[in-house]
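Residue-level listing of the chains:
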Amino acid sequence: MVDVPYDAVTEVPPAEVAEVDLYHPRSWWTRYVFSQDAKVIAIQYSLTATAIGLVALVLSWLMRLQLGFPGTFSFIDANQYLQFITMHGMIMVIYLLTALFLGGFGNYLIPLMVGARDMVFPYVNMLSYWIYLLAVLVLASTFFVPGGPTGAGWTLYPPQAILAGTPGQDWGIVLMLASLILFIIGFTMGGLNYVVTVLQARTRGMTLMRMPLTVWGIFTATIMALLAFPALFVASVMMLFDRLLGTSFFMPALVEMGQQMKYGGGSPILFQHLFWFFGHPEVYIVALPAFGIVSDLISVHARKNIFGYRMMVWAIVAIGALSFIVWAHHMYVSGMHPKFGFFFATTTLIIAVPTAIKVYNWVLTLWRGDIHLTVPMLFALGFIITFVNGGLTGLFLGNVVVDVPLSDTMFVVAHFHMVMGVAPIMVVLGAIYHWYPKMTGRMLNDALGKFHFWVTFLGAYLIFFPMHYIGLLGVPRRYHDIGEAAFIPSSTHTLNAFISIMALIVGFAQMVFLFNLAWSYFKGRPSGGNPWRATTLEWQTPETPPGHGNWGKELPVVYRWAYDYSVPGAPQDFIPQNQPRATPVLQGAAP
Amino acid sequence: MSAIVLFMAVIAVIAGWWLSQQRLMSKPWLEEGALGDFPAAHEMTWPAAKIGLGVFLAVVGSLFALFISAYSMRMNMTDWRTLPVPGLLWFNTAVLVLSSVALQWAYVAARRDDMEDVVIGLCAGGVAAVTFLVGQLLAWQQLRAAGYFVASNPSNSFFYMITAAHGLHLIGGLVALGRTTAKAWRGVEMPQLRLSVELCAIYWHFLLLIWLALLGLLTGWTDEFVDICRRLLT
Chain A
1 MVDVPYDAVT
11 EVPPAEVAEV
21 DLYHPRSWWT
31 RYVFSQDAKV
41 IAIQYSLTAT
51 AIGLVALVLS
61 WLMRLQLGFP
71 GTFSFIDANQ
81 YLQFITMHGM
91 IMVIYLLTAL
101 FLGGFGNYLI
111 PLMVGARDMV
121 FPYVNMLSYW
131 IYLLAVLVLA
141 STFFVPGGPT
151 GAGWTLYPPQ
161 AILAGTPGQD
171 WGIVLMLASL
181 ILFIIGFTMG
191 GLNYVVTVLQ
201 ARTRGMTLMR
211 MPLTVWGIFT
221 ATIMALLAFP
231 ALFVASVMML
241 FDRLLGTSFF
251 MPALVEMGQQ
261 MKYGGGSPIL
271 FQHLFWFFGH
281 PEVYIVALPA
291 FGIVSDLISV
301 HARKNIFGYR
311 MMVWAIVAIG
321 ALSFIVWAHH
331 MYVSGMHPKF
341 GFFFATTTLI
351 IAVPTAIKVY
361 NWVLTLWRGD
371 IHLTVPMLFA
381 LGFIITFVNG
391 GLTGLFLGNV
401 VVDVPLSDTM
411 FVVAHFHMVM
421 GVAPIMVVLG
431 AIYHWYPKMT
441 GRMLNDALGK
451 FHFWVTFLGA
461 YLIFFPMHYI
471 GLLGVPRRYH
481 DIGEAAFIPS
491 STHTLNAFIS
501 IMALIVGFAQ
511 MVFLFNLAWS
521 YFKGRPSGGN
531 PWRATTLEWQ
541 TPETPPGHGN
551 WGKELPVVYR
561 WAYDYSVPGA
571 PQDFIPQNQP
581 RATPVLQGAA
591 P
Chain B
1 MSAIVLFMAV
11 IAVIAGWWLS
21 QQRLMSKPWL
31 EEGALGDFPA
41 AHEMTWPAAK
51 IGLGVFLAVV
61 GSLFALFISA
71 YSMRMNMTDW
81 RTLPVPGLLW
91 FNTAVLVLSS
101 VALQWAYVAA
111 RRDDMEDVVI
121 GLCAGGVAAV
131 TFLVGQLLAW
141 QQLRAAGYFV
151 ASNPSNSFFY
161 MITAAHGLHL
171 IGGLVALGRT
181 TAKAWRGVEM
191 PQLRLSVELC
201 AIYWHFLLLI
211 WLALLGLLTG
221 WTDEFVDICR
231 RLLT
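Read top to bottom, the protein sequences are chains A and B.
The opening position of the first sequence corresponds to residue 1 in UniProt numbering, with each subsequent residue numbered one higher.
The opening position of the second sequence corresponds to residue 1 in UniProt numbering, with each subsequent residue numbered one higher.
No lab work stands behind these hints, which were simulated from the structure alone.
Hints should not be assumed to be uniformly reliable.
Covered stretches of chain B (in silico footprint by chain A; criterion: 3 or more residues with CB under 8 Å from a CB of chain A, positions within the stretch not fixed) [as the list claims (entries may be wrong)]:
| hint | stretch |
| --- | --- |
| 1 | 10 to 24 |
| 2 | 87 to 98 |
| 3 | 141 to 154 |
Below are the DSBU-like pairs computed for lysine-lysine, each with C-alpha atoms no more than 35 Å apart in a straight line [claimed, not checked]:
| hint | chain 1 | residue 1 | chain 2 | residue 2 |
| --- | --- | --- | --- | --- |
| 4 | B | Lys183 | A | Lys450 |
| 5 | A | Lys523 | A | Lys553 |
| 6 | B | Lys183 | A | Lys553 |
| 7 | A | Lys450 | A | Lys553 |
| 8 | B | Lys27 | B | Lys50 |
| 9 | A | Lys553 | B | Lys50 |
| 10 | B | Lys50 | B | Lys183 |
Computed from a prediction, not measured in an experiment: that's the story for all the values here.
A virtual CB, placed ideally from N, CA and C, is assigned to each residue, including glycine.
Just chain A, same shape as in the assembly (with noise of 0.2 Å):
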């Protein structure tokens, strides 16, 4: 720390709010169910995720049992393992962690982070959560329509997508479209909430250095998110005529059952590039929120400043940006030019750079700190350790060489579980372990949290390693049944069966984690105000949980940035954002 001249600081005057400009609830229907409260959007934005998120859950268990103990489960048979994996996986990625990260996270975080009284279009959020219930409930629906839930794989290629031979041909496809072009529209109103609440709400003293990295994490994933989506939307709206009305957007010339069909013409390519130019800044709108918050995490939890806030914040701003231009790299084996390959295998490397700066920085804050092992705490040292390892075998693929052999290997489907599926989750974990106390004023219990984290951490680990070993003898994704073939050793049925029993085992660990969140929520030790003594504004509102307006009748004046743990000299190892004075001034000092 350099030598700052504290008592140099003047206190300001809070900012007048206006009374007119806050939401006041009405009844019991306006301030639980029809709410416009960020904070109950938030949560239930969180409980419809993590609902839609528990059928995905069951569905991987499914699958599991049918990959590992092939033939003994009569009840799954090709189809429905096509069916199971296309919803666990466009679940997972997009109405869980999209959802929580973004509606929930950034609904509960943002406008308590920046000492803003609620979000800027409250009536415009509320819309918002309901058009995504109405999403998650059309796509819930596709279990129960004639010939059940699409088997497009996640990525829903044409033309097999809405061909006869893929199941959920008839209703499935089209309800998996009209589902997701609900949940862009959704999410376009919570993203322009969220977006314009950190631009236009801040509160005096909030200037955008010092906003936690949380906040800017949620920020730049909203903004690529709203960039993003429409790709998504305007691939979905084209294959939904392609479908319906019979055009040939994306279809080709094709002979079905020895007859000529209707269609002609399209290019399948058309849609990977306008599904790929979504799904790639996807992976870093659920990535930068992570980011963001591992960030906090790691910062409160080692009693030091964040290293490097500075190129912290470049990281996540450059990483938005790279983002766009990465998305071939999913389409090394569609028959591009050598060219573009090369391109793109650049831009991919290159996005490693700023993200290897954010690990150094992590890692660097966590020097010589003063580590609290809480539960929060090894969520996000659990993270780090598993993004460094999806990260790397990223770098593999990202590689044209490399990528073509093990394309629709296990694998990638265990490169992207590591980096995109457990890394996350454990920030969500972790996330929801530090903030529970704020939302609901008690600690969760932490023999269970531990007792989650080390069979959830070591579980993973026991799942998706043994499966990069499967994927590079070249057994292939999505087949429901490997049977026996020359290059796939025989021990790969015992190690898939192993695979399987952990998946069942980790899966068994969430439960006791929902257990953990309901018991807590009566039984839970009362943690008062800020258990963690972090700094940031949300922990310094006068109630816990917070009140409609978040903060009584004057906004906090933010004096510093968010970061000030055991700064030399003060009286207590951290000072929050919206205290004037770092030590108090003696008495009968000279002032």
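Given chain A, work out where chain B should sit, using these hints.
Using the frame of chain A, we list chain B on its own:
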């Protein structure tokens, strides 16, 4: 994908310019005190709704840039037969321009506190916009009568899809315009109304701009430009 990459580059320039105003080089760990103590710590003075509209326009722009990208990729395939554009579209374009002008006029009137002219401008703009939409429907009907169905050629499919997307955005704008007009009718005070009128006018100009770009694309005027862009990237 050149159209969308170009669009993203424009967005990146705007975002970069904005970020350059935000003291990203500052050292927040050394700066203690309230906002006013630092040089150039601007607060954004635009109202939230205006920024919200700006962000929304970026989303809409991205949507149409993607439609244009898809169009320019698909039109290279061998089965593409360019659609003869119905002459009615020229009339529609003129009406949409009028609609935009009327709203601009309403906005100017709002700035000089002339409530009567504001109401006239808003109503004229709304009527012109509805005329445009009816004209678009008639154009569809003419095409269908001439045998250009939605699925008979990808060029037709794009025409129907893109005009429908543009029309739906205009209908959404009409909802906002209707609410603004109702406000003016009820005699809401001018300062409150001014912003609503301004936002409607901005949205209308933006949709007009998009329509002109789409018209250029659909009539084939911009084919050469599209071709240059494509060659730029291959």
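Going through the hints against the structure:
no.: 1; hint: 10 to 24; in the structure: holds (count 7)
no.: 2; hint: 87 to 98; in the structure: violated (count 0)
no.: 3; hint: 141 to 154; in the structure: holds (count 3)
no.: 4; hint: B:Lys183 / A:Lys450; in the structure: violated, 58 Å
no.: 5; hint: A:Lys523 / A:Lys553; in the structure: holds, 31 Å
no.: 6; hint: B:Lys183 / A:Lys553; in the structure: holds, 31 Å
no.: 7; hint: A:Lys450 / A:Lys553; in the structure: violated, 39 Å
no.: 8; hint: B:Lys27 / B:Lys50; in the structure: holds, 31 Å
no.: 9; hint: A:Lys553 / B:Lys50; in the structure: holds, 27 Å
no.: 10; hint: B:Lys50 / B:Lys183; in the structure: holds, 18 Å
In terms of the numbered hints stated before, the structure departs from hints 2, 4 and 7, listed from lowest to highest.
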